[in-house]
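J.: Protein chains in written order, with the working numbering: chain A, 3 to 287; chain B, 1056 to 1352.
Mixed in with the good hints, there may be bad ones.
One side of the interface only, derived from the structure: several residues of chain B facing chain A at Cβ under 7 Å [what the hints assert, rightly or not]:
hint: 1; residue: Ala-1129
hint: 2; residue: Ser-1133
hint: 3; residue: Asn-1149
hint: 4; residue: Gly-1192
hint: 5; residue: Thr-1195
hint: 6; residue: Arg-1196
hint: 7; residue: Asn-1201
hint: 8; residue: Asp-1257
hint: 9; residue: Gln-1296
hint: 10; residue: Leu-1300
hint: 11; residue: Ala-1306
hint: 12; residue: Arg-1309
hint: 13; residue: Arg-1310
hint: 14; residue: Met-1322
hint: 15; residue: Gly-1326
hint: 16; residue: Leu-1351
Dumping the calculated BS3-like pairs for lysine-lysine here, alpha-carbon to alpha-carbon at most 30 Å [what the hints assert, rightly or not]:
hint: 17; chain 1: B; residue 1: Lys-1247; chain 2: A; residue 2: Lys-115
hint: 18; chain 1: A; residue 1: Lys-121; chain 2: A; residue 2: Lys-245
hint: 19; chain 1: A; residue 1: Lys-21; chain 2: A; residue 2: Lys-282
hint: 20; chain 1: A; residue 1: Lys-243; chain 2: A; residue 2: Lys-121
hint: 21; chain 1: A; residue 1: Lys-245; chain 2: B; residue 2: Lys-1295
hint: 22; chain 1: A; residue 1: Lys-21; chain 2: A; residue 2: Lys-121
hint: 23; chain 1: A; residue 1: Lys-243; chain 2: B; residue 2: Lys-1295
hint: 24; chain 1: A; residue 1: Lys-121; chain 2: A; residue 2: Lys-208
Some residues of chain B that are not near chain A, with every Cβ distance over 12 Å (derived) [stated by the list, open to error]:
hint: 25; residue: Val-1073
hint: 26; residue: Gly-1086
hint: 27; residue: Ser-1183
hint: 28; residue: Asn-1231
hint: 29; residue: Thr-1265
hint: 30; residue: Ser-1282
hint: 31; residue: Phe-1336
Honestly, the hints are just simulated from the structure, not real lab data. A virtual CB, placed ideally from N, CA and C, is assigned to each residue, including glycine.
One letter stands for each residue in the lines below.
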Amino acid sequence: MEELDWVSIKSGLLDMARKRGAEVARIGDPALLEDAEPGLRPSELLTNVKSMIVLGGAAPRAAEWQSTRVEVMETVGTADRMTALGSAVARHIEETYGYYAMNVPTSTDQDDKAFLDFKAAAIAAGAGTASLAGPVLDPDHGFLYLTVILTTMPLPADGPLEQPACPAPQCIDMWEEQGTTPCMAVCPIDDGGCLGGEIDQGLVIKRRYDAERCRDRVYHYWTPGYQAALERALDEPDSRKRKMILYGSFFTRTMWSITYSGVSQGQCFECVRACPVGSKQRALQ
Amino acid sequence: MTAVEGEVEETDPGDLEVITNAIKQVGINAGSTLVGVAAADAFNEYVPEGHRPADFLPGAQSVVVCASLGPTNAAWHSPNRRLMEITGYDFRENVSSIVVAEYIEQTHGYLAMQAPALPTSGQQPPLSMMLSAVLAGLGTRSIAANIILNPTYGLMFFAAAITTMRLTPDHQLEENVCPARSCVRMYEMEGKTPCMAVCPADEGGCLDATIEDGQITSSFFDRERCSTRAMNFGIRGHIKQVEILTGIDDADERRELIYSDDFRRNMSSIGRYKESVSQCFECMRVCPVGRYRRKLQ
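Just chain B, with the same shape it has in the complex (with noise of 0.2 Å):
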């Protein structure tokens, strides 16, 4: 095991739990509503090479999964649906993520690094949070977009920790979050749940699923139509902008495109992507789970 210079802790197995216990509350204290492990050669069953964490930090055993809300419940509610277009997130996991690996070097003296999660060649993220979330057991996949749903919380967001230090595990939830009861329900009713009803693939919309049983049997998402959407407005839609503009010859044309509105936008969100990330959320704002969460006074 790779180690960091300095006085380094032996971790006691009969007190991991209690360390591990003690790395979740500096990732809770730090802005994140829930933190889970997961072992780090629990992703060799699921990713190739070159998609697991000791790809990235030789030695590595554990990850450690930070879990945050995104928009506020008012943000969710607000009568104004382009106030969601961009009060995406504030990261707040991100943060805490970092706080996490600072707090097992300086403390325990483990190698410890933020996990790379921004797609770095096509859409394929170097180390997927979705995958480390579903391994910590903070969620489970759903039909909507394949988004990890926590069974309490709904959609959250993630960031993750890689370290060279052993601590205990999460067990995987042992049951699906989606379908919901309710979910179930409609789809035997209707032949669709709340979130394949309101962007249904076949009518111009992104997902599509079968359940049985009440479990998931085959689903569809279209993801290259859901990223058109969830992201009109950023990078994608600058790059489109300036592939549009270079194909312009009159110059009254290319500076009415330059100073449009949706080119404004674009910018902005690409400049304030705190804020900014994406502006659709239609298939999480029917979703059942962890809505009773978001009902307040």
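Chain A extracted, bound-state conformation (with noise of 0.2 Å):
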């Protein structure tokens, strides 16, 4: 069989990610991840897979960013076109090449764990590196939603990117004036936030995340809010404050976030509004 071009059709597959809406687009060696805990390997979801792609995109739009009203990033927010894109590509490369291509879904397996450590692919191809605030941050468009496809492909891969994203110079500037850094100004896990850490010599030496107390405020819609609604309702003996509760705003909020979850999912973006990396895009006219 004829030996096919790899570094072409590389091209060929990243060039079609970017016209269809990629931001990023990277290759990434999945056997970077093989020692990741059992349940999170690429090869538990794709034997003989050879390539990760890595395709990061669907930022909230300048204007959005921009907006007076919260309300508007608590209702755009959306990962749904990177998924439609990792499915497309990875339909592409069965049809086109033979050979097997998944795109990794968002969402998780059992006991909520997801199928792939996303960020560490991520990392791994090089479409970001890790930061203070927690997203993977490209050095050019900062906050990205993220797709993995992976394949039995053997594409050459990117690899990390050698110099992190975070912090930013600003950030590392700040951290020398005042001991902080615009995230952790934003949301100080010491002061019922979520975010801390250390920088020395422009690199982060310790980083602290309140995992629990984010996600209820990132999802404070959605299924955790639901849950807590629910629960609220159930255990409310009198029936008018009961009826309250479930034709209340915040019950219908949670309904309406669960079923446009694909737009609605986060609630807070506070952290990454403060972040510079990227901030040149979301600066316009």
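Taking the hints as your guide, dock the two standalone chains into a single complex.
T.: Written as structure tokens, this is what we have:
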């Protein structure tokens, strides 16, 4: 069988992804994730997996970031486009080249565990680097939604980025002057927030993150909000109060958030809003 | 015939086939793997009033049926079976059917709309996508849960557009896709087919059938049992849990249920319906129809 030109194929696939909306398109070596805990390894999802295609995009638009109404960002954040793009790329690989390919589900597995560590996959592919705030940050675009396609195609890997996007130079200056960074200042772990950390010689050397607290805020509505409201309603002995909970704005919004989960999962973006990485993309006329 | 406002293109019967093929190509370009056409009046023989294309669009002449594959081949081969539970399909055929409808209205000036397929009362859909697919020549019913099997691709997912435009209909398939030859041989040797073996009705499963001379002579499908397995999580699971919750007096016990993984998965399945329509694919996993196409490098 004729040997395929993997460099050209890789270039074609990544171009296709960019044309369809990916801001970042990189290839990672799945072997780099094989020492992850059981249940998060690429080979557990696809036998003989050779490549991870990591796509980042569908970030909130500059105008949404600028909106004076917080409700805008609460109801327009979307990862749906990236999921659809990942599915299209996976199907293209199978139908065009005859290699297995799957878009890794963004839904969770049993016990709310992810099928794959998307952040680790993105870092391994160089689709960004880890940040104090939590999300993987692309040096140019900052926060992006991710999708990961696993395939048995042996595509040349790009590998991790050499320079971390976080902390940004402005954040290092702020740390040296004030002992905090924009993300830590907006959500300080020691003052009711979720983030803490230390920077030494321009590098993050320690990070503290209250995942439970963050989850409560980011997913204020959506399933966790629904569970809390339903529990409260069922515990309420007074039928009129129960009715108020069930027909109240909060309960209704949790239902909207669930049914529109593709566009309304997250309700807090404050650490990323304060982040200077990618801020140029958010500054328009 | 009712037409939308604007310039209406008269369809020359001589060009119908060309126009029909062009419309099919629009569906394929929009993401369908196959597109077929059924005549609207072909439904009359099979379904009662209220479930025919003209009941939804007066003057309906044709039904354009868009078919797409579900999970990718890699998902079928994943060693993690739970992956298929939440990577059902991507609704490409729905998008495709809407694109087709828009194309017909904008290009040819005839009314066209996406066919209503979700059940609005009980389990009966307003318009059956299974029947639409059969009438459009895209497949035939199978022993496995009556799923429509295409001879080339096996399991497919269907959506349709109803239009007042007359198009050239496809012929129904002349031969039943199911049972496949290998299934007939297995039935002759063991008295069951792969799908019956993996989900036998008399052993807690959903499927049974008899085959004579290579043809299905009787089939049994326990739909209620199948739906509780294929749709273990989702709307039905949630309704069941709400019913249980209203019957629990102890607040701690209620809390345990509300914050259980099962409850969360039901909600996740409702919220991410696109990714998590069904949780059992076992009869299709063993079905030989279209299986060779799932074997890649």
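J.: Enumerate the violated hints, using their earlier numbering and listing them in ascending order.
T.: 3, 4, 5, 6, 7, 8, 9, 17, 18, 20, 26
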